[in-house]
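*Asks:* For chain A, the structure is supplied; the task is to place chain R on it using the hints.
Chain residues, written in single-letter form:
Protein chains: 2
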Amino acid sequence: MPQYTPPVRDTRFVLEHVVGLSRYANVPGFAGATPDTVDAVLEEGGRFVAEVLFPINQSGDQEGCTRHEDGSVTTPTGFKEAYKQFVESGWGTLSAPEAFGGQGMPHVVSTAFQEFMISANMAFAMYPGLAHGAIAALVAKGSPEQQEKYLPKMVSGEWGGTMNLTEPQCGTDLGLIRTRAEPQADGSYKITGTKIFISAGEHDLTDNIIHLVLAKTPGAPDSSKGISLFVVPKVMVNDDGSLGERNAVSCGSIEHKMGIHGNSTCVLNYDGATGWLVGEEMKGLAAMFIMMNAARLGVGLQGLAVAETAYQNAVQYAEDRRQGRALTGTAEPDEKADTLFVHPDVRRMLMNGKAWLEGLRALCLWGALQVDLEHSAEDDAERQEAADLIGLLTPVIKGVGTDKGYQIATDAQQVYGGHGYIQEWGMEQYVRDARIAMIYEGTNGVQAMDLVGRKLAMNGGRAIQLFFKIVAQECAAAKSGPAADFATRLEKALGELQAATMWFMGNISNPNNIGAGAVPYMHLLGVVSVGLMWLRMAVAAAALKDAGEGDAAFLDAKLVTARFFAERVLPEAGSYRRQIEGGAEALMALPPEMFRAA
Amino acid sequence: MPQYTPPVRDTRFVLEHVVGLSRYANVPGFAGATPDTVDAVLEEGGRFVAEVLFPINQSGDQEGCTRHEDGSVTTPTGFKEAYKQFVESGWGTLSAPEAFGGQGMPHVVSTAFQEFMISANMAFAMYPGLAHGAIAALVAKGSPEQQEKYLPKMVSGEWGGTMNLTEPQCGTDLGLIRTRAEPQADGSYKITGTKIFISAGEHDLTDNIIHLVLAKTPGAPDSSKGISLFVVPKVMVNDDGSLGERNAVSCGSIEHKMGIHGNSTCVLNYDGATGWLVGEEMKGLAAMFIMMNAARLGVGLQGLAVAETAYQNAVQYAEDRRQGRALTGTAEPDEKADTLFVHPDVRRMLMNGKAWLEGLRALCLWGALQVDLEHSAEDDAERQEAADLIGLLTPVIKGVGTDKGYQIATDAQQVYGGHGYIQEWGMEQYVRDARIAMIYEGTNGVQAMDLVGRKLAMNGGRAIQLFFKIVAQECAAAKSGPAADFATRLEKALGELQAATMWFMGNISNPNNIGAGAVPYMHLLGVVSVGLMWLRMAVAAAALKDAGEGDAAFLDAKLVTARFFAERVLPEAGSYRRQIEGGAEALMALPPEMFRAA
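Quick note, the sequences are listed as chains A and R, same order.
Letter 181 of the first sequence, counting from 1, is numbered 181 in the working numbering, and no numbers are missing.
Letter 579 of the second sequence, counting from 1, is numbered 579 in the working numbering, and no numbers are missing.
This is chain A alone, in the form it adopts within the complex (with noise of 0.2 Å):
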């Protein structure tokens, strides 16, 4: 009953006009991205989830995944030829480099096509999506013999990949890790541990899979400082390429969880498992935070995407689900009652996720724009500001992108009323589903303090000061035009986000000051960051209408858009500094027995 239909057409105008495609041709990779290339990955990329991955998405989560005694594990029926399909059709390889069978696409590209597969579902486009970090993490860490041995077939997807860091007693705290990695006189290493919630990290759907795994060499410190990262396949590869035995790695348990029951939430036991060295012993942080960076991206992407399909949902049960009469006179006499589209509380909500979902999948795509930028640009100073822009912007994508995904998802699903609630109409799973991605990959409370207690500060504060240069000039240039009301609005907010950075400068010497306010800076950073999204859609589409080219009905649906943003998102800003300014001290003061003295 569910239908998800991929959002190609507002994908190419920010393709087009926020990220400025076209204006890259000369960085390596982007000469292939013609806008025929590219209108081609997201028509037939878009086709093919929507037809092969989407109808197995509801079923997918009323069945599940199943372990069976011997420890393997049967993922929901059609997902292994669904799987097939896709590595056949090499959906998987867009960006991967070519030297190891990719197709070399830019990031942004295969990021526009991510949505569309998250979307269409999630727990499917998990288990690639998991191969990715793994394959970054070889791609800059790993030894020729490592990469050689490995890539070919996880960009393929021949193989799977997964990303082992958490343990029972240890997630976010990296040092408590206990695994351990002992070396071996061949030069591998004996793993031996236990890993928890390790997605995709048992399935069928791949003849092996390639686990990097986090552990501590002996006598390696206790802390963060210790970990090393590892490779350590399920099934041995011989020199020649073809499989061997089993390595010492099994599913010891699935987890029952809320949601993406369609992939494989798995107890990974290694008991003197082989495994190798990635990079440099104890340098396992740096390595795995090549993983983790470009996991945190595609969680964001995942916090727009689900919601994505839950509004879409919406909006076609908002045309179809009569209820009531419009608030200004009945609309359509002849029937019984109006839809639920006269009623502005209705709308509100909707029009709430058109605004978000549009503003962060400008913001993911000019994000995936600076990852390639950061990599491939060619002068020194557009690489180190587009890294510094995606350092600082990452764990916006990631945490507000999944919060205000979460928010759509439940907001779509008021929009049924009961039947919402009802499994049979699919939305309470858009909800389950998008609810993990604040959890994993560093809760949002996580990556809020990556924001306001590392990013902020580093190199003098460079990245911030370059965002609010960004959005000063764009704001500065709009006045004089059609978008001068947003623009003066978007001012405003971005006025608030200053006044916050510059009351955490003083009021560092309390670090609880910067912890306390660290979510509400996200949110805020968040918010003008959408907003100047927004902006450029709206001297966009402002602009086209003048010149008379577009559709004029949706460049104006981007203005209106525009302006619903600028009156009921962007005065979130004043309160947001507000809560900051709150400081620490009132959280702080009670001992922990208070907080249950009911």
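Simulated from the structure, these hints should not be mistaken for laboratory data.
In this text the structure is predicted, and so the values were computed from the model without any measurement.
Keep in mind that the hints are not guaranteed to be accurate.
Copies of the same chain are indistinguishable here, so a pair counts whether it falls within one copy or spans any two.
Claimed, not checked - In silico DSSO-like pairs for lysine-lysine, Cα to Cα no more than 30 Å straight-line: (1) LYS153 to LYS479; (2) LYS336 to LYS545; (3) LYS153 to LYS545; (4) LYS84 to LYS225; (5) LYS283 to LYS84; (6) LYS479 to LYS545; (7) LYS336 to LYS479; (8) LYS190 to LYS283; (9) LYS492 to LYS545; (10) LYS492 to LYS479; (11) LYS225 to LYS336; (12) LYS225 to LYS283; (13) LYS336 to LYS84; (14) LYS84 to LYS153; (15) LYS80 to LYS225.
*Replies:* Frame of chain A; chain R shown alone:
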């Protein structure tokens, strides 16, 4: 693994210092509510729900209800035995009329107990909870014969009760009801139609279930004005009170829902079932609102109550779980990591929970007092003021209570990190259970429209003016005392509320402006009403401390939490006001098709 401790101390504080229970000894029913009696209810009732109902909460969720081929429904293991104990102990009869076997206690006392019961097991609490609404309708509108026939056994809990409003095509818009009632020669009616989403519609806890059913008599107008209310027993009741044969009502299926799995949500098929008119023909809407208003306050309480259990567990987890180090330096050097309590962002979530939960508890109990005074105060003016206040605050208690309940449950889950997403820890159940409360008994958007579209303007705005006066007076009085800072900040929030109210009055020419601002206004009024509760608690705590009475640590915690509310929550008032002032234009501008133009 999850735990629950009834918040007896906080409830007692609220009853004494916010509700001022002892001041109402002259009101019928209150004389029996002596401090000792109330203490016994809180202590013994709290122990009962914690020991009998809470242990079957998680198992009830996992097992759910089962419908058999004959249409009968089995509740989860342990529910039947627990229900028997519940009936025998008399906890369900606290505030029921003595004439029908109740204990005649004030509503405010039974509300305090009900919070504990819902916290312990929301799905279970719904079985007697739904009966309460049906009882209220029969007490108010039933004939003496109907009252005599049904009420004693419904009050005792021997029989269940339900409310049958919704049909597949008809949710909020009751004018669309299709269920027909054909008058019979003997004065009864034959009821035919399908009702959906009937909570506790069929189960194995009681020998009989008394359904209250909305239906239309022949020739009734095709609007909500044509609705009549009928009483339809599942099993016919003979004149001597014994049970006769089965009535023609059966459970066609039970819904698979996101949560409240322990409660059976039924499709009920009426196939010429025998029923009797309750009250007058075509006056069913008024009778329905008697059930509905009681139910709405109960649902608001659900928001608070489920979140309370989630919050308590998050507090415990934050004490037990060690991860990372305090920003101000290692707190416990002998441990490998500090507890979650050192992290300001964890405390931000817990303090927010504490501030809202204690504030909402006060608001629910103060609201329950108004229900008592509305019915029982001796003075006409006092009855009218109470009726005005509870009329105004019912949508706030329901809408804000449940929105905040969901948010607090979600935050509590967040404190657990990945473990919060796993069924075994119990946290995700609270989120799933809390979600329904935002939807049923009128979605929160419908609550907001009830507030701004009906309650605000009723009697020339008498209720909201009374509310303004109370807040202004208490702020003025507090400004010369130790809660002066809080009072000043609350006055500012009141100013935003008054400005928003004025804005509605000035912009009512387009009724969509009212609908567009309804939900932000409901939350704005929620911030100010819960703010009023915190003002009272702060004033009382400061006075007690000054007098050297009470537990100093508990009173300090109240003052710190009031400060948190002032610094972190009251600033939201301005943001809500500005959202309201955005008006309806941007919301209503787009044609529906442009919502899916992406």
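*Asks:* Evaluate each hint against the coordinates.
*Replies:* Status of the hints after comparison with the structure:
no. : hint             : result
1   : LYS153 to LYS479 : neither (52 Å within a copy, 72 Å between copies)
2   : LYS336 to LYS545 : neither (39 Å within a copy, 62 Å between copies)
3   : LYS153 to LYS545 : neither (48 Å within a copy, 70 Å between copies)
4   : LYS84 to LYS225  : neither (40 Å within a copy, 59 Å between copies)
5   : LYS283 to LYS84  : neither (36 Å within a copy, 62 Å between copies)
6   : LYS479 to LYS545 : within (18 Å within a copy, 56 Å between copies)
7   : LYS336 to LYS479 : neither (48 Å within a copy, 55 Å between copies)
8   : LYS190 to LYS283 : within (18 Å within a copy, 78 Å between copies)
9   : LYS492 to LYS545 : within (27 Å within a copy, 43 Å between copies)
10  : LYS492 to LYS479 : within (13 Å within a copy, 33 Å between copies)
11  : LYS225 to LYS336 : between (68 Å within a copy, 14 Å between copies)
12  : LYS225 to LYS283 : within (7 Å within a copy, 74 Å between copies)
13  : LYS336 to LYS84  : neither (49 Å within a copy, 46 Å between copies)
14  : LYS84 to LYS153  : within (14 Å within a copy, 62 Å between copies)
15  : LYS80 to LYS225  : neither (40 Å within a copy, 56 Å between copies)
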